[in-house]
Amino acid sequence: MELYLIRHGIAEDKELGIKDEERSLTKEGRQKTEKVAQKLVKLGLNFDLILTSPLVRARQTAEILIAEKLSSQLEESSHLAPDGQISSWLKDWLEPRNYSQNTQLALVGHEPNLSNWAEILLWGEVKASLVLKKAGMIGIKLPETGSPLGRSQMFWLTPPKYLL
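All letters in the sequence shown, in the order written, are residues 2 to 165 by my numbering.
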């Protein structure tokens, strides 16, 4: 199984008095996310499902990916909110679904959460060494059997500037 961890696009500043969960993408954030999505389509990517954080900016990012035809399936999961834990997501969301090894899932969320999840999948612990830029993506292949924690392989790490 391949996971594509995608950070939301550029969002409104926190200082504007808007609750964090209600912050929207800016005009620039939408435009850049659309360009990144278009490039991913040109590269031949297609996701079986896009799973998004329920926060507005992540949901808007996921909707752009859907609009660009990167998937026809969209779901929300509180596991992808900023305080979500990968162990809970694996146990409560992923394992019960029993997806095939050919499945490609896009997970749209936040930093440092997504980088932390990637590091736990790759090295079994958070090392604070990966950074995922807004509208950037990390691709991780999960092993066919056993726990993916510390046993997965990264095959993609792309800052958005290379996809614009």
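Simulated from the structure, these hints should not be mistaken for lab results.
Here a beta-carbon is modelled for each residue, glycine too, at the ideal position from N, C-alpha and C.
Among the hints, erroneous ones may be present.
BS3-like, lysine-lysine: derived pairs with alpha carbons at most 25 Å apart [as the list claims (entries may be wrong)]:
id	residue 1	residue 2
1	Lys92	Lys28
2	Lys92	Lys40
3	Lys134	Lys43
4	Lys162	Lys36
5	Lys40	Lys128
6	Lys162	Lys134
7	Lys142	Lys28
8	Lys162	Lys28
Pair by pair, the computed Cβ-Cβ distance ranges are [stated by the list, open to error]:
id	residue 1	residue 2	range
9	Pro97	Lys40	27 to 37 Å
10	Glu13	Glu77	26 to 36 Å
11	Ser89	Lys20	28 to 38 Å
12	Leu17	Pro97	16 to 26 Å
13	Gln154	Gly18	20 to 30 Å
Pairwise beta carbon distance, Gln154 to Gly18, judged against the given window 20 to 30 Å: violated, 43 Å
Are the Cα atoms of Lys162 and Lys36 separated by 25 Å or less? At roughly 10 Å apart (the allowed maximum being 25 Å), Lys36 and Lys162 satisfy the hint.
Please work out if Lys162 and Lys28 have their alpha carbons no farther apart than 25 Å. holds, 17 Å
Given pair status - Lys134, Lys162, alpha carbons within 25 Å: Roughly 9 Å between the alpha carbons, so the hint for Lys162 and Lys134 holds.
Can the restraint linking Lys142 and Lys28 be considered satisfied, given a maximum Cα separation of 25 Å? Not satisfied, since the Cα-Cα distance of roughly 33 Å exceeds 25 Å.
Hint check: Lys92 vs Lys40, CA-CA at most 25 Å. Holds or violated? violated, 33 Å
For the pair supplied as a hint, Lys134 and Lys43, is the alpha-carbon distance within the 25 Å limit? Measuring from Cα to Cα gives roughly 21 Å; hence the hint holds.
Take a look at whether the Cβ-Cβ distance between Pro97 and Lys40 falls inside 27 to 37 Å. Cβ of Pro97 to Cβ of Lys40: about 33 Å, so the range 27 to 37 Å holds.
Range hint compliance [Cβ, Ser89 to Lys20, 28 to 38 Å]: About 24 Å separates the Cβ atoms of Ser89 and Lys20, which means 28 to 38 Å is violated.
Given pair status - Lys128, Lys40, alpha carbons within 25 Å: It is violated: about 30 Å lies between the C-alpha atoms, which goes past 25 Å.
Assuming the hint says 16 to 26 Å, is it satisfied by the Cβ distance from Leu17 to Pro97 or not? violated, 39 Å
Agreement of Lys92 and Lys28 with the hint, judged by alpha carbon distance not exceeding 25 Å: violated, 37 Å
Going down the numbered hints, you'll see the structure goes against 1, 2, 5, 7, 10, 11, 12 and 13, while the others check out.
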